[in-house]
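Peer 1: The whole structure should be built from the sequences, with the hints applied where relevant.
Given next are the chains, with one letter for each unit.
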Amino acid sequence: MSALREIEYRDALREAMAEEMRRDKRVFLLGEEVAEYNGAYKVSKGMLEEFGASRIIDTPISESGFAGMAIGAAMQGLRPIVEFMSWSFSLVAADPILNNAPKMLYMSGGQFGCPIVFRGNDGAGGQLGSTHSWCVEGMYSNVPGLKMAIPSTPDDAKGLLKTAIRDDDPVFFLESERMLGMKGHVPEGDEILVPFGKARTRREGTDCTIATWGRPVHFALEAAEALAKDGISCEVIDMRTIRPLDVGSVVRSVKKTSTCVVVDQSWSFGSPGSELASQVHRHCFDDLDNYVHRVHTADVPAPYAFNLEQEYLPNARKICEAVRAATYNA
Amino acid sequence: MNTMSTPSTDTRRLFDVHRGEAAPRIAPDRSVPPAATLKKWLRDMMLIREFEVRCMQAYQDKKIGGFCHVYIGQEAVAVGCVAAMKHEDPLVTAYRDHGHALARGMSARACMAEMFGRVDGCAKGKGGSMHMFDKPNNMFGGHGIVGAQTPLGLGLAFATKYEDEVMRGGKNTRVTLCFLGDGALNQGALHEAMNLAGLMNIPVVFVVENNGYSMGTSIHRGTTMAHDLKSKAIGYGIDAAVVEGMDVLETYHGMKAVIDDARARSRPWFIDLRCYRYKGHSMSDPRKYRTRDEEEAWEAGDPIGTLESFMLEKGMITADESKEMLKGVKAEVRDCVAFADASPVPADGELYTDVYMEPWGPYPGSSKPSMMGGGENTPSFRAIERSEDLL
Ligand SMILES: Cc1ncc(C[n+]2csc(CCOP(=O)(O)OP(=O)(O)O)c2C)c(N)n1
Ligand SMILES: [Mg+2]
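Chains A and B are the protein sequences, given in the same order. Using the numbering used here, read the first sequence as starting at 1456 and increasing by one per residue. Using the numbering used here, read the second sequence as starting at 553 and increasing by one per residue.
Accuracy of the hints is not assured; some may be wrong.
What the hints assert, rightly or not - In silico lysine to any residue, SDA-like type, Cα no more than 25 Å apart, as pairs:
{"id": "1", "chain 1": "A", "residue 1": "K1480", "chain 2": "A", "residue 2": "E1491"}
{"id": "2", "chain 1": "B", "residue 1": "K615", "chain 2": "A", "residue 2": "Q1765"}
{"id": "3", "chain 1": "A", "residue 1": "K1497", "chain 2": "B", "residue 2": "T843"}
Source of the hints: derived by calculation from the structure; they are not laboratory data. Note that the coordinates shown come from a computational prediction; the quantities given were computed from them, not determined experimentally.
Peer 2: Encoded structure:
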């Protein structure tokens, strides 16, 4: 058997799109700089050559226009992939993506679905300041009718994106600029199709459950490693999708560990983290030794200064502190 | 029979719907300003260029983070436009904003310290390269979301007109300059703003810094009627003109006529200002979408060189004076880099200040709250972590 193939997160995304475009002519990609420039972050590199300008479509800086256009195309039965250079820029398209796509099926009484994928970089990219550092999962996951996936590794990036493209509902697919260069083993072809709503245990442990998703999974693993040296054993659960949310996996783990820390890089107020914590409180009421502790981004707009941004974001140190507090090891 | 109610005698609302009266043709006054003025413009352009060169270095040295968009090549635009404005006229722009900030009078020190993310920056290091704000100089920011500043510019102009006409009962005295890139022509926000400006007689000038590209997309691939952008404004009842942006004298003359007209008639304008950015879109752009020949052709008409030759020819400056001027500029920029480097990083507690003018109740200060349990100085808008604090 050949050695396990390792590719970057960005390559995994491209493979998912290209494979799905080969098997289904209804799938196409549109967004700013996706074609001739090969993608602002090189995710779509080479795709123009393979699929041509009718399926890899450069758009002007008109998010509201092209997102809405893609939604119309999806109502007619096509399966668009819309790339937002950053999810921060999706805010100018809030009406089509939140008010149209997720509600179309419902308000048409089941007549018109919206099989579309919106994808792009989410989260603080590194000193990008207040307007460019959105973690949209906090705000957007509030909306029923949409699905949301947040992969934390290259194999999940591919497996979840393929599932997203085949899904008949609108999927909000949140990538991270900070992870695009991350390498990992990724199977070829259809060997990898990751179902939505199935969390992945990234590390087993007995003392505390850390539930998280996206880039903070890596901070949690780093924290778990550090805490293990002090004899605190953490189980790290990667939720992978926020809608659907695999509460069961967390509940099963908490029944074993009796403590839980939720790490969420969006703001705390009305967030996926607060939703998960609330569900754990409900379903593990008699199992918990402490309330569910949460680590979030600070409740302020994103700052530019390097040191302030470090202070703003979740990190391994903050997760360690939360685990110690939750397990009475403070 | 006329069933409509009789109009009252004063039918004119202050923010009245534009009636489509023809614009008087503007005839720029092309008389050359005095040598002292041109020297100032030359120095301002040199300062912006040198500042940007040092920004690029500092970015390589990782002193500056995030996105950094330099203004090299477009210096005449900011300098010429600002020269045509009055100090009390508001200015707002996009993220390529260092040039506007400096032209408006922000000190190079405050600007560079902001780039470095230090407390002495114009926004205490909280805003960064894309968000240069300077209240005393009526600079209402750089704005990062493409097109976002266009309704804001409209609002600034609405407010100055409101102050002058409604609150003071006088005549409109101020004009807002709202800069945007050619890429922003394709944002819905601009079109809504233009319609409102045309409709309500708002004295805002939308200045399109048409440098031919938005990132890697040439204007001809990005927008319709790229050969005649004026046509975009005409449908909104907005007067429009093309102004040269590589020759500061031309920029000044054209913009002066436009701004004077906007002020006098309280009407919006739309300007297709032709220029070129010499460098990449940001620090990580190999510029494969254009040719070196094209770049050289534009560089041959460099705005700084053009003004300098003009002044030398007219005897408004000597070669030695110009050399001295550049030396002074270099020293000023070296100083601002050293200043920025020596300026402290913001205290961690600054993370929690400036979120609200008045958080729930009196503002309790800015010390860093401890991670899990709050602490004495926890600002009150922070989520309460300790149950005891709720009792
Ligand atoms: C709504 C939105 N979409 C995308 C971006 C990313 N972006 C930043 S600058 C830019 C190009 C803008 O070009 P232009 O308006 O011509 O200004 P220039 O860079 O030439 O000064 C793009 C696509 C953004 N900041 N905001
Ligand atoms: Mg441009």
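Peer 1: All the hints need checking, so say for each whether the structure fits it.
Peer 2: Hint-by-hint comparison with the structure:
1. A:K1480 <-> A:E1491: holds (21 Å)
2. B:K615 <-> A:Q1765: This hinted pair holds, its Cα atoms lying about 16 Å apart.
3. A:K1497 <-> B:T843: Answer holds: K1497 (chain A) to T843 (chain B) is near 21 Å, not above 25 Å.
In this structure, none of the earlier numbered hints is contradicted; all agree with it.
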